[in-house]
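Engineer: This is what each chain is made of:
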Amino acid sequence: MVQSLDYLKETASQTAGPYVHIGLIPSQAGFDIFENNFTNVLADENTRGERIIIEGRVIDGTGTPLRDALLEIWQANADGRYNHQLDRQKSGKVDEGFRGWGRTGTDFDTAVYRFETIKPGVVSGRNGKDMAPHINFWIVARGINIGLNTRMYFADEQEANAADPVLNLIEQKTRRKTLIADRDDSGSIPVYRFDIILQGDGETVFFDI
Amino acid sequence: MEFYQRDRTLQPAGYTPIYKTSVARSPRQSLMSLQGSLSEITGPVFGQNELGPLDNDLIRNYAKDGDPIGERIFVHGRVLDENNRPVPNTLVEFWQANAGGRYRHKKDTYLAPIDPNFGGCGRALTDENGYYFFRTIKPGPYPWRNYVNSWRPAHIHFSVFGSGFAQRLITQMYFEGDPLIKECPIVHVIPDEDAINRLIAPIDLKGSVPLDTIAYKFDIVLRGRRSTLFENRLEGN
Ligand SMILES: [Fe+2]
Numbered sequence: 001m002v003q004s005l006d007y008l009k010e011t012a013s014q015t016a017g018p019y020v021h022i023g024l025i026p027s028q029a030g031f032d033i034f035e036n037n038f039t040n041v042l043a044d045e046n047t048r049g050e051r052i053i054i055e056g057r058v059i060d061g062t063g064t065p066l067r068d069a070l071l072e073i074w075q076a077n078a079d080g081r082y083n084h085q086l087d088r089q090k091s092g093k094v095d096e097g098f099r100g101w102g103r104t105g106t107d108f109d110t111a112v113y114r115f116e117t118i119k120p121g122v123v124s125g126r127n128g129k130d131m132a133p134h135i136n137f138w139i140v141a142r143g144i145n146i147g148l149n150t151r152m153y154f155a156d157e158q159e160a161n162a163a164d165p166v167l168n169l170i171e172q173k174t175r176r177k178t179l180i181a182d183r184d185d186s187g188s189i190p191v192y193r194f195d196i197i198l199q200g201d202g203e204t205v206f207f208d209i
Numbered sequence: 001m002e003f004y005q006r007d008r009t010l011q012p013a014g015y016t017p018i019y020k021t022s023v024a025r026s027p028r029q030s031l032m033s034l035q036g037s038l039s040e041i042t043g044p045v046f047g048q049n050e051l052g053p054l055d056n057d058l059i060r061n062y063a064k065d066g067d068p069i070g071e072r073i074f075v076h077g078r079v080l081d082e083n084n085r086p087v088p089n090t091l092v093e094f095w096q097a098n099a100g101g102r103y104r105h106k107k108d109t110y111l112a113p114i115d116p117n118f119g120g121c122g123r124a125l126t127d128e129n130g131y132y133f134f135r136t137i138k139p140g141p142y143p144w145r146n147y148v149n150s151w152r153p154a155h156i157h158f159s160v161f162g163s164g165f166a167q168r169l170i171t172q173m174y175f176e177g178d179p180l181i182k183e184c185p186i187v188h189v190i191p192d193e194d195a196i197n198r199l200i201a202p203i204d205l206k207g208s209v210p211l212d213t214i215a216y217k218f219d220i221v222l223r224g225r226r227s228t229l230f231e232n233r234l235e236g237n
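Keeping their order, the protein sequence lines are chains G and H. Just so we're aligned, residue 1 is where the first sequence starts under the UniProt record's numbering, counting upward by one. Just so we're aligned, residue 1 is where the second sequence starts under the UniProt record's numbering, counting upward by one.
No wet-lab data here; the hints were simulated from the structure. Mixed in with the good hints, there may be bad ones.
[Stated by the list, open to error] DSS-like mimics (lysine-lysine), calculated; alpha carbons at most 27 Å apart, straight line:
hint	chain 1	residue 1	chain 2	residue 2
1	H	138	H	217
2	G	119	G	90
3	G	9	H	217
4	G	129	G	173
5	G	119	G	173
6	H	20	H	64
7	H	138	H	106
8	H	64	G	9
9	G	9	H	106
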């Protein structure tokens with residue numbers, strides 16, 4: 001016998017289920033209960049940076065968009081700083097009013113999700129390699145046993161994307177483009193379109209983070 | 001300050017045919033393993049000022065003309081990490097069906113009635129010891145379309161943040177003694193019997209209020225952070 005390692009074990013994940021909205025976005029479930037609700041709008045009038053909209057769908061292995069998915073995003077501010085004590089980057093500064101996090105559900109009718117935020121800056125990656133601007137996504141739904149993690153990159157950041165240490169880890173080059181959102185400048189605010197393909201042709205790269 | 005690698009032997013796979021909806025909603029390619037960067041080791045921070053005084057009291061937070069029907073219960077416990085350290089000031093959210101097994105949700109058409117005095121959701125911030133608690137009524141089991149005669153055991157859904165986005169977790173709490181647990185495909189997507197048992201909250205008579213409310217205790221463990229002296233540098237500058 002040897003001494004025992006006294007680490008605890010991580011609690012097992014379970015699906016968020018079809019009624020995830022009740023707990024996390026009650027207005028979408030059809031009622032009003034909390035005074036303060038978490039939303040898909042990340043930036044207010046004081047937030048620095050370029051206003052953007054992110055829109056897309058979450059599509060299953062039969063090509064059907066999910067109407068009951070919940071998405072959360074986590075991102076740095078326009079300077080590439082996270083609003084968190086473990087971000088000790090020396091460049092740029094934190095935006096006190098910008099948490100950098102939002103949540104929303106795909107629409108029950110259109111199946112589209114939408115975030116209103118700002119474009120993040122470059123964040124320093126492991127071993128001093130800069131990461132291209134990106135937004136972390138987390139997706140849960142009925143039928144998803146454990147939350148799926150992925151990243152969205154920006155099509156107009158070609159040079160930074162080409163040097164990004166995470167995109168470059170993806171062995172099959174054709175799969176890298178599953179993480180790159182196209183930019184549409186036809187409206188007053190730029191819209192990035194980011195569809196997440198859960199399975200099959202064009203399957204999004206998901207990370208074990 | 002990156003996290004320990006997630007132990008996938010304790011976690012459900014994506015593709016689990018006993019839970020039919022997972023078949024078309026699970027990736028076929030392997031997840032790509034990614035060492036933590038700042039984007040994964042940081043995460044959103046929430047404050048007590050964002051919560052209302054009744055947010056952790058599901059008996060009162062939607063009551064219109066009386067208390068909801070059902071067994072009055074407390075659920076309490078701690079959010080810890082794999083290093084057995086408390087996770088303080090983290091947001092815990094919970095939602096559930098009413099005593100009849102019906103959710104207050106547009107898409108729930110089960111024939112059990114809506115309870116006019118029950119919303120079915122709440123939230124709390126852990127204290128400096130990682131402790132959280134809330135008051136509610138015990139949810140009922142309900143049928144769902146997997147096999148034609150599938151029933152969910154009574155359960156409460158939990159969402160927990162931790163201090164980094166890589167700790168983000170959604171799970172379900174079950175109740176000691178429920179005979180439906182062993183029949184449930186959603187429970188049994190978890191490949192490890194002990195990991196299933198850790199989702200079952202025991203009755204906690206010491207935590208109960210005599211003649212008023214019975215308690216269940218439910219601890220949640222999130223991934224731990226590495227704290228070795230010789231640390232890889234996550235940032236370059
Ligand atoms: Fe449920």
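Engineer: With reference to the structure, classify each hint as holding or not holding.
Structural biologist: Checked hints:
1. Using a Cα cut-off of 27 Å, the hinted pair residue 138 of chain H and residue 217 of chain H holds, with the two alpha carbons roughly 13 Å apart.
2. The suggested pairing of residue 119 of chain G with residue 90 of chain G holds, with an alpha-carbon distance near 20 Å, which does not exceed 27 Å.
3. With a CA separation close to 17 Å, the supplied pair residue 9 of chain G and residue 217 of chain H stays within the 27 Å bound.
4. Pair hint residue 129 of chain G plus residue 173 of chain G holds up; C-alpha atoms about 20 Å apart against a cutoff of 27 Å.
5. Taking the CA atoms of residue 119 of chain G and residue 173 of chain G, the gap is near 25 Å; set against the 27 Å cutoff, the hint holds.
6. A distance of roughly 38 Å separates the Cα atoms of residue 20 of chain H and residue 64 of chain H; the hinted pair therefore is violated under the 27 Å criterion.
7. Taking the CA atoms of residue 138 of chain H and residue 106 of chain H, the gap is about 21 Å. The hint holds against a cut of 27 Å.
8. Proximity of residue 64 of chain H to residue 9 of chain G is assessed by CA-CA distance (about 41 Å); at most 27 Å being required, the pair is judged violated.
9. Between the alpha carbons of residue 9 of chain G and residue 106 of chain H the distance comes to roughly 36 Å, so the proposed pair goes past 27 Å and is violated.
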